[in-house]
Amino acid sequence: MGTEVFLPQSLPEFWDVHGSHPDAAIYHGGTDVLVRLKETGRTPPAYICLERIPELQAVQDCGETLFVGAGLTHAQILIEPNIATHWPLLPRAVAVLGSPPIRHTGTLGGNLGTASPAGDTLPPLYCLQAEVHVVSASGRRSLDIRDFILGPGHTALQPGELILGVQAPKAGDWGIPHFEKVGSRQAMTCSLASLAALIKIAPGGCIQDIRLAWGSLGPTVICSKAIHRKALGKPLNIQTLNSLADLIQEKISPIDDQRASIHYRRQLAQNLMLRLVSDY
Amino acid sequence: MGQIPRTSPIGTDATRPDAWTKVSGRETYAADFYAPNMVWAGLKRASVPCARITSLDTSRARQLSGVLAVLTAEDVPGSNATGLIHKDQPILVQDIIRRQGDPVALVVAETRKALDQALESIDLELEELPGVYDPQAALADGAPLVHAHAADNVIAEITARKGDGAQDFDRYPLCIEHTVTLPRQEHAFLETEAGWARQEADGRITLTVSTQSPHRDRLELSEALEIDFQDLRIAAPFLGGGFGGKDGLNVHPYLVLAARQADGRPVKMHWPRSESFLAGTKRMPGTLTYRLGAEEDGRLAALDCRIVLDGGAYSHLNGEVLSMCVEHAGGPYRIPHVHIHGRCVYTNNPPGGPFRGFGVPQAAAGMERCMDILAKRLDMDPLHLRRINVLHKGEKAPLGNTVNHSVGIDVCLDRTADHPLWRERNTWREQAGRFKRRGVGLSCVWHGMGYGPKVADYATAKIELTEQGAFLVDVGVTDMGQGNAGTYAQIAAEILNQDPGSMQLVLPDTDLTPPCCSSAASRTTYTYGRALIEAARAMHKRLREKAAVMSLGSRPEDFVLIPGGIRHLRTDRQMSLSALSRKLNPAERISHSHWQAPQPPDVLDLETKNALGLPHCVFSHAVHVAFLEVDELTGQVRVLDYLAVTEAGRIINPQLFHQQIQGGVAQGLGYALFEDYEVQNGRTRCPGFGAYVLPMSLDVPDICSQAVQIHEESGPFGMKGVGEIPVDAVLPAVANALADACGIRPDRPPFTPERVLGALKSSTTKDESA
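Chains A and B supply the protein sequences, listed in that same order.
Sequence positions in the first sequence follow the numbering used here and run 5 to 284.
Sequence positions in the second sequence follow the numbering used here and run -8 to 761.
It is worth saying that the hints were derived from the structure and are not from the lab.
Built from N, CA and C at the ideal position, the CB exists for glycine as well.
A hint or two may mislead.
Stated by the list, open to error - Result set (SDA-like, lysine to any residue): computed pairs, CA atoms no more than 20 Å apart in a straight line: (1) B/K104 x A/Q190; (2) B/K78 x B/E148; (3) B/K104 x A/T7; (4) A/K42 x B/T102; (5) B/K445 x B/H77; (6) B/K104 x A/R189; (7) B/K427 x A/R189; (8) A/K204 x A/K229; (9) B/K427 x A/Q190; (10) B/K445 x B/G391; (11) B/K104 x A/P49; (12) B/K752 x A/Q253; (13) B/K600 x B/I76; (14) B/K104 x A/L41; (15) B/K752 x A/Q271.
What the hints assert, rightly or not - So the derived label-pair ranges between C-beta atoms look like this: (16) B/A10 x A/H108: 24 to 30 Å; (17) A/R40 x B/L55: 57 to 63 Å; (18) A/P105 x B/D114: 40 to 46 Å; (19) A/G208 x B/R414: 45 to 51 Å; (20) A/R144 x B/T12: 53 to 59 Å; (21) B/A128 x A/R233: 53 to 59 Å; (22) B/D114 x A/A141: 47 to 53 Å; (23) A/K42 x B/N395: 52 to 58 Å; (24) A/K42 x B/T172: 56 to 62 Å; (25) B/R414 x A/H232: 47 to 53 Å; (26) B/A10 x A/R144: 52 to 58 Å.
Using the sequences and the hints, build the whole thing.
Pasting the structure below:
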């Protein structure tokens, strides 16, 4: 007996199929689903593929904010002009995500749903203060990304809900959109630590606004208001960034695994910030 | 009849004949075989590295539908022991598990699914035994024995001495000490171990296997399974990579056993990546401890080197890998006083085996670091230090054998010194950005070709003219991707004055192609090429003689072969090869030639136990320079430029030559910076590519490959082997560049970001002065 595959053409059609096949796996790019399938050896009774649902493909300029559908592949994110203009931080992370084949099939929604601490799109979305929109057969709700992602592989998504997309204020006027990821090679690598940053520099050269978000250094992305407050009003230099070190070490809780030790990850958390001085 | 080729095929770029079939996916590898009535074979493997089998119950598996047979050690005829030098590896384990993944049962089933179910239904109970997982611990008194026959766990041991045996280092003004610990490297070929077999109606078993050594495999199989040699036939199509990992048996004995249970149906075995990672052989890890004494002017005086390699649970060719490591431990240098002691040790770790380089990458990792440390101590240009020490023809190598074939290492150094990348290195180094440090590292290696003494290194070439007038050229030695098949076509075409593209290649098949040694040891084209030249010349001579016989009053020298035909010079009359061929009887249409590679005449001061194959007499040479940048914030290393200058005699096909260099350097960068097949207490930590980091395109820089062509009189058209030397030099070049960039002591590859950052932090307090 084979596995059934459904290709709904719209959200209503999706809810129909989903209603009759509640145990089906939701499939978009497959970059996580197929890996899990191989790891567990468990084949779901059916797949419901999202790739033909137009609602998930939307990119909407909403005035102060931008909405990007969960179904955009990473490759689409890289060439979408609205994203380049309003969220220039996001493509910087997506550019170093996986490899061209992975970027052509993996999606933004998949990165959110998998909720890996190493998800490359997540630190930028935290910096952008994104809201995650989810839909179900009965309605739609939105959550702050910090409330959506609860832990490794764990989100606030309820059974019967689907990630529709993310919405966040436009951030094209932040002078410094920065992303760096450290992996064990240049591409096709899981991040050992990453740092996303949005910084506004005041005319006098001091930090007017700052948002920093670290990936792979805790169960979820690390983003601390205390760190931001401490940096505000200070010049962007090594002294300022070093003064944040203790706070950073307090906030992060990296793991020890085959890829890297806790010690190395703690060093990276601090060192990655210093790049802001050399690159900008 | 075709046009006369515009250029001689020898020495010119030629696209390999397998290029299009491979890039378009049409080439049929052993793993690609499928047939409607095909059945599958698979192995039940032990999950622990050291244990006694207390119970093995296959009754549940046998009863499953779709299962044709379940075999255990009791069902294996003959000795149930394989191995090339020592027969220490059971086909199916009877009692003692010696490494994780040891096979205990073979299942033959109708489908892959039935196979998997049957393998899961085999009940294996094991009583874990104390194992030994560290080669030093294996050498200690009272260590558990991996094999009863090796009372000290030593697979092979070599002591080599020259001069005073490097007894007294106090005599020398300079003494360098250095220890390097090397990782285990996975072959990671695209096509994992695979093959298929069938028992024919006459009882013979034919196998098609992804193997580097079909002829030797046939002999080993017939001995191990007590099958008449004539009842086995092995064909080796193009391989999807080998690198030494397919130099010996893998799926073969199981295919033979399974074919006998399949009632004439084809049986396939194809290890998935996880099984290849678990059960395939690896480049041996080890520790090399060096002391190098030198005079104040930089001349090397004495070398003391201690080598311990972890051979894992089975000996395979590990003693021979040790031999190469010992022979190359002193590099291509004049060293009057030498003592080298090497041991290769049994442990309950994954078995080691041949891997491109065959012990030389390990040796070069140690020696070339010592040379750089010495250069720094002397405040001497590292290239100059090599120049004053390298061997010239007629001088004695570190083991004492006289170098009496072509030597191009000094020319490689000259070429490197003149290269813009080297000349402008100081400017380049200073252009590092903020939080970056740049370094330039050089290494200098040689690589002995062939099997060395005692093991005959031979090839038998065959060319046949078909009745239709086409030349069939036997590819007697497996083409595992290096492109020797196309080179053979070039060689035969050159001598027979034909278009290389018109040569029809016959891939290795023990029924069709005469015996040859394996595709290995940088000898694939060197040895076979010589045999092939003779076979082609004999064919050429015969065709002219036959033409003369058929033409009244003519002599053989009145005829010249032209593409597709033969021409009578005085009359300009032509005859097509098919017309000529039809005048020959079948025996006349075939020419054979046998050639055996030279062996060195020297008698050396060597004590060996279970070790063969040293010294060599024909060597290729190379100088590599790595240009890299270290990130001070993350420890990440990026190799930005790479120069590889290689002397491997004359070049038959420059395109293939440079492909070997490119591939070898990429593989060497993996060894230096990324790859580490980690094992913990005999258990793998690398079930697949997720946990094993291979370099990818962005990690490999543009590689500038330069060839120094020096004629090697023993080689076909003056060539020498180039398959292995590019991988030998990379790790030390990278290590030396790292030391140059940031003063760290890189002694534990791979140089991962974490290790480099750790070393950077500690180097702020400790200076690299050695």
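Here is what the structure says about each hint:
| no. | hint | verdict |
| --- | --- | --- |
| 1 | B/K104 x A/Q190 | 38 Å, violated |
| 2 | B/K78 x B/E148 | 18 Å, holds |
| 3 | B/K104 x A/T7 | 15 Å, holds |
| 4 | A/K42 x B/T102 | 19 Å, holds |
| 5 | B/K445 x B/H77 | 16 Å, holds |
| 6 | B/K104 x A/R189 | 36 Å, violated |
| 7 | B/K427 x A/R189 | 17 Å, holds |
| 8 | A/K204 x A/K229 | 16 Å, holds |
| 9 | B/K427 x A/Q190 | 16 Å, holds |
| 10 | B/K445 x B/G391 | 18 Å, holds |
| 11 | B/K104 x A/P49 | 18 Å, holds |
| 12 | B/K752 x A/Q253 | 18 Å, holds |
| 13 | B/K600 x B/I76 | 12 Å, holds |
| 14 | B/K104 x A/L41 | 16 Å, holds |
| 15 | B/K752 x A/Q271 | 10 Å, holds |
| 16 | B/A10 x A/H108: 24 to 30 Å | 27 Å, holds |
| 17 | A/R40 x B/L55: 57 to 63 Å | 28 Å, violated |
| 18 | A/P105 x B/D114: 40 to 46 Å | 41 Å, holds |
| 19 | A/G208 x B/R414: 45 to 51 Å | 47 Å, holds |
| 20 | A/R144 x B/T12: 53 to 59 Å | 54 Å, holds |
| 21 | B/A128 x A/R233: 53 to 59 Å | 55 Å, holds |
| 22 | B/D114 x A/A141: 47 to 53 Å | 48 Å, holds |
| 23 | A/K42 x B/N395: 52 to 58 Å | 56 Å, holds |
| 24 | A/K42 x B/T172: 56 to 62 Å | 34 Å, violated |
| 25 | B/R414 x A/H232: 47 to 53 Å | 50 Å, holds |
| 26 | B/A10 x A/R144: 52 to 58 Å | 55 Å, holds |
Checked against the numbered hints listed earlier, the structure breaks hints 1, 6, 17 and 24; every other hint is satisfied.
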